[in-house]
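Heads up: the sequence lines are chains A and B, in that order.
Per my numbering, the first sequence starts with residue 1, numbered consecutively.
Per my numbering, the second sequence starts with residue 1, numbered consecutively.
Just so you know, not all the hints are guaranteed correct.
[What the hints assert, rightly or not] Reference listing, derived: stretches of chain A covered by chain B, where coverage requires no fewer than 3 residues with Cβ under 8 angstroms from a Cβ of chain B:
| id | region |
| --- | --- |
| 1 | 22-31 |
| 2 | 55-63 |
| 3 | 110-121 |
[Stated by the list, open to error] To list a few chain B residues with every Cβ distance to chain A over 12 angstroms, as calculated:
| id | residue |
| --- | --- |
| 4 | Asp52 |
| 5 | Gly53 |
| 6 | Glu67 |
| 7 | Ala69 |
| 8 | Ala104 |
| 9 | Arg121 |
| 10 | Gln158 |
| 11 | Leu189 |
| 12 | Arg197 |
| 13 | Val199 |
| 14 | Gln201 |
| 15 | Ala314 |
| 16 | Ala354 |
| 17 | Ala363 |
| 18 | Phe387 |
| 19 | Gln396 |
[Claimed, not checked] Straight-line C-alpha distance at most 30 angstroms; calculated DSBU-like pairs for lysine-lysine:
| id | chain 1 | residue 1 | chain 2 | residue 2 |
| --- | --- | --- | --- | --- |
| 20 | A | Lys53 | B | Lys183 |
| 21 | B | Lys82 | B | Lys183 |
| 22 | B | Lys342 | B | Lys112 |
| 23 | A | Lys40 | B | Lys405 |
| 24 | A | Lys53 | B | Lys399 |
| 25 | B | Lys405 | B | Lys380 |
| 26 | A | Lys68 | B | Lys82 |
| 27 | A | Lys40 | B | Lys386 |
| 28 | A | Lys40 | B | Lys266 |
| 29 | A | Lys40 | B | Lys399 |
These are calculated hints, taken from the structure and not from any lab test.
Cβ coordinates follow ideal geometry from the N, Cα and C atoms, glycine included.
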Amino acid sequence: MSDLPALDRLTCVLCPVGCELEVRRDATGELEIHGNQCDKGVPFAIEEVLHPKRNLATSVPVRGTPAKMASVRLSGPVPREFVFPILAEIAKLRPEAPVRRGQVLIADVLGTGVDVIATRTVG
Amino acid sequence: METIEAHDVVVIGGGPAGLAAALGARRAGAGGVLLLERERTLGGILNQCVHDGFGLFLYKETISGPEYAERLIEDVVREPIKVETGAMVLDLTADRVLRVNSRAGYRLVKAKSVVLAMGCRERTRGMIEIPGTRPAGIFTAGSAQNLVNLQNLRIGNQAVILGSGDIGLIMARRLTFEGVAVKGVFEILPWASGLERNVRQCLMDFGIPLELRSTVVEIRGRDRVESVVVAKVDDRLAPVAGTESVIPCDTLLLSVGLIPENELSKRAGVELSPITGGAVVDQTLMTSAPGIFSCGNVLHIHDVADWASFEGFAAGERAARYAAGERVAGGTVRISAGPNVKYALPQFLTSGAAGVEWSFRVARPLRNVQVLVKGKATEKVYSRKKFGRLLPSELQKIKVRQTVKEDLEVSCHE
């Protein structure tokens with residue numbers, strides 16, 4: 001027997017529509033999704049119930065420019081439990097100016113296959 | 001005698017709406033486009049919105065605010081658009097003369113058409129009249145976002161957030177990332193005023209409680225905030241005696257609404273709507289002052305930057321056409337907000353206009369909704385659209401393809 005809830009309600013976060021999804025288990029134990037207005041809702045709900053993933057954003061100080069911050073994010077979402085460990089890695093960053101938008105600041109951060117990238121050009 | 005510098009289209013404000021307006025004007029063939037931005041850099045509020053979720057509609061991918069801004073800015077600088085940052089517009093007249101103070105000094109600018117894109121500002125403690133002492137540690141959510149994301153400052157250790165606007169929700173997560181303990185978000189209404197996705201990603205992910213029908217009734221502390229008193233409210237939003245509890249904290253963030261920044265519009269005599277706080281416009285986004293157009297958060301508050309930009313493209317294009325001599329007959333058809341609708345925009349149409357799209361916002365959460373655009377006199381249904389659910393936090397659209405010659409009402413029915 002699975003210890004997953006037989007029923008879950010969640011709001012899809014893929015776009016601002018915010019569909020209210022209902023996840024049910026059918027008789028065979030397969031997940032069924034209801035309430036999605038587009039096809040993206042199904043894999044989203046399954047992933048959100050089994051292995052939620054998130055992107056994250058913060059900013060880091062850039063060396064060589066006075067008091068300038070470069071904002072950063074991940075190139076894609078990571079399992080939610082990686083959010084705080086990755087933030088700790090990002091907190092060590094002190095990139096040198098110039099920093100370009102899209103520049104990889106940490107490749108394959110903590111082996112997640114996802115990069116930490118700058119989202120702002122500084123210097 | 002003062003000399004007057006002439007331009008075809010002058011755009012006031014270089015955020016998501018103003019950048020798009022400058023591009024829209026240029027792409028519609030305007031010869032001289034001047035974009036004036038008060039800050040030292042273009043991009044407006046996007047620069048401090050480091051979270052992702054921008055660009056889904058404009059760029060078909062989800063990016064952060066700074067990336068969204070840079071992409072729009074790159075498009076603007078490729079065009080022969082004159083961009084001036086550090087330029088403050090001090091005054092605007094109904095005949096479109098601007099008094100501009102910039103690094104180049106003070107000067108007069110005359111425009112054939114003007115696009116208002118000044119954005120909005122946050123409601124403050126004074127506007128919601130929270131009783132108590134006046135210690136340090138009280139921030140609007142957006143100013144906290146600026147201090148954390150752009151100035152790398154730690155604003156406190158234990159925070160309470162009043163109001164569930166999107167910036168407040170985003171800041172709950174941002175402060176959690178920075179090691180600040182967020183004790184809870186308190187919302188006076190029975191529903192969250194921010195987007196659903198932000199409630200889930202910014203609060204639920206981190207176990208931050210969202211207390212609905214609750215508000216801060218007192219701020220305590222001498223030099224720095226020491227605690228806030230929260231209480232439940234009744235159906236009239238009045239605090240209920242006996243429900244108070246004291247929450248120790250050193251920081252209070254306010255996310256209690258945004259106000260379109262229309263000081264210049266008022267100077268030009270532009271008619272404002274008491275509901276949106278922005279200009280009353282026709283289907284070309286022109287205000288009551290001929291040749292003055294409005295778009296983005298100065299027109300009405302948007303929940304998604306992309307829609308502010310789309311409005312900017314449209315206003316810029318219309319401003320270019322006005323500058324080229326095109327005239328649209330005045331709006332004589334009035335569109336009113338019917339049952340369950342907070343507002344619908346544009347508020348006026350030229351009689352005979354067709355293919356007009358309205359932005360509207362509902363007054364309360366609704367389920368299984370039919371939205372109707374009906375003739376006031378004939379009861380004729382011009383457009384209908386069904387929604388599973390509509391929330392006040394979500395700006396929605398409905399289009400009427402047919403020609404309209406009578407006053408209309410937009411209404412929602414469960």
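(request) Just pull the numbers of the violated hints for me, sorted ascending. (result) As far as the earlier hints go, 1, 4, 5, 6, 7, 12, 13, 14, 18, 19, 21, 22, 23, 24, 28 are violated by this structure, in ascending order.
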